[in-house]
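Visitor: Sequence:
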Amino acid sequence: MLWILCLVLCGLLAGTRADPGALLRLGMDIMNHEVQSAMEESHILEKMAAEASNPQPGGKAIKGLSNMKVKDVLDPVITLSFVPGVGIFQCVSTGMTITGKSFTGGNMEIIVVLNITATDRLLQDEETGTPMFRSEGCEVILVSVKTNLPNNKAINKFVDSTLRKVLPGLMCPAIDAVLVYVNKKWTNLTETMPVDQMGTVKYALAASPATTASHIQVDFSPVVQLQESQVIQLATDGSALESPEGSAKDSQLLLSASFLTAELALLQKSLEVNLRDRRVGKLSQTTRTLAGFIPQVAKTYHKPKPLLIKVKINKPPKVTMKAGKSLMHLHGSLEMFAVRRHGKHPKSLFLLETHLGLEIHYSVHENRLQMATSLDSLLSLSRVSSSIGNFNETALTGFVTDYLQKAYIPVVNDVLHVGLPLPDLLAINYNLAELDIVEDALVLGLKTE
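Under mature numbering (1 follows the signal peptide of the UniProt record, and there is no 0), read the sequence shown as residues -18 to -1, 1 to 431, first letter to last.
Treat the hints with care, as some may be off.
[Unchecked claim] Using C-beta positions, here's what the derived DEER-type ranges look like:
hint, residue 1, residue 2, range
1, ARG258, HIS284, 17 to 23 Å
2, ASP396, GLU210, 20 to 26 Å
3, ARG322, ILE391, 49 to 55 Å
4, THR218, HIS324, 50 to 56 Å
5, HIS313, THR174, 25 to 31 Å
[To be verified] Straight-line C-alpha distance at most 25 Å; calculated BS3-like pairs for lysine-lysine:
hint, residue 1, residue 2
6, LYS184, LYS297
7, LYS135, LYS83
8, LYS329, LYS294
9, LYS128, LYS51
10, LYS329, LYS281
11, LYS297, LYS388
12, LYS251, LYS292
13, LYS429, LYS167
14, LYS251, LYS300
These are calculated hints, taken from the structure and not from any lab test. This one's a predicted model, so the numbers in the text were calculated from it and none came from an experiment. Every residue gets a Cβ at the ideal spot worked out from N, C-alpha and C, and that includes glycine.
Let's have the full structure, built from the sequences with the hints guiding it.
Guide: Written out as structure tokens, the structure is:
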């Protein structure tokens, strides 16, 4: 019995120990912008006022009030605050004028300033798996009331009764309508997005979104998949994703090195190329060039022959990150051929095993993460086989480094130009992001327009 309990506990721990491949923190700057935009773009208060001014047939009348109109709705001022473990507390300050005929038979005008408060609980939609807000506990709090009616007990009671009947039914649905508008901006979050023709990425949620005193946190467990339906597993040997010090309240997207590694695995085959007729500087690369480093080549090829270089990548590219610097590691082989005439197959000269370190320079364009590389170092170079006899491969280090930087790196950058998709939510403009490289993660500091 004890061993069964142990297995269950181990299974539960195994299911929760993995760190997210990506982490999103939404600060108050982003949430204020999104709710304010939803309120303005939806024109919901004006629509509610128009509906109140044109009651539907069969609607319940307000005793003592006829021909009610709602007009002069003030632009709302929205104040938000995070409620840890719950979501967001929302206060909307606005005002309006309510007109009509009162029970006294005269024209009535009530100018009211009010606050609408509600708690927007952050949940996870059971059907789509995306985050969503749902309002709870909506209240309408009167700040000031002015009326053209006489000031007496009966009139004051009538005004108070009228406002209590009109305002909650008018204002609280407006809060719900705004949340519907915000929730729509989450709907594409878990959609599958292509990476060129090689595969797809899906930002699946690792857990339900969490709210702290300073931000909303969404942990992702991204699914990276080849077109052949093979899922690329994220490595779990990296450090936990953590925001840089002093940025706890900022809106950020953190992408782990292991996640970027998995995405680059989609492009591995595209990084394998044949390089021919490439120039390094003003010189074409021939066996004569090579003979300057390996004298045996001149003995075999008296006349210069063009060179063909086959680059193969034997392992998926790996991304590493230290503060301020990121490298792409390419483990592969470089095979040098002499090109022969009359349709003869190229002659293999030698095969080298290589380990390249390419420095990655990150940017964002059209809401996709872009990478451009430069050759940081040739980390290792060893001879596997040779048809021209033994030679010291270290003599080739300068030639190979120069050739790769000028002939192969442009090919790599062309492959990377497809860009990597970023989470699609809340109409975030990633083009405005400030990028920073920290230990094992790329940080995108999110900004509002």
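Visitor: Would you mind marking each hint as holding or not holding in the structure?
Guide: Verification of the hints:
| no. | hint | result |
| --- | --- | --- |
| 1 | ARG258 to HIS284: 17 to 23 Å | 21 Å, holds |
| 2 | ASP396 to GLU210: 20 to 26 Å | 24 Å, holds |
| 3 | ARG322 to ILE391: 49 to 55 Å | 28 Å, violated |
| 4 | THR218 to HIS324: 50 to 56 Å | 54 Å, holds |
| 5 | HIS313 to THR174: 25 to 31 Å | 29 Å, holds |
| 6 | LYS184 to LYS297 | 23 Å, holds |
| 7 | LYS135 to LYS83 | 18 Å, holds |
| 8 | LYS329 to LYS294 | 17 Å, holds |
| 9 | LYS128 to LYS51 | 16 Å, holds |
| 10 | LYS329 to LYS281 | 15 Å, holds |
| 11 | LYS297 to LYS388 | 23 Å, holds |
| 12 | LYS251 to LYS292 | 13 Å, holds |
| 13 | LYS429 to LYS167 | 17 Å, holds |
| 14 | LYS251 to LYS300 | 14 Å, holds |
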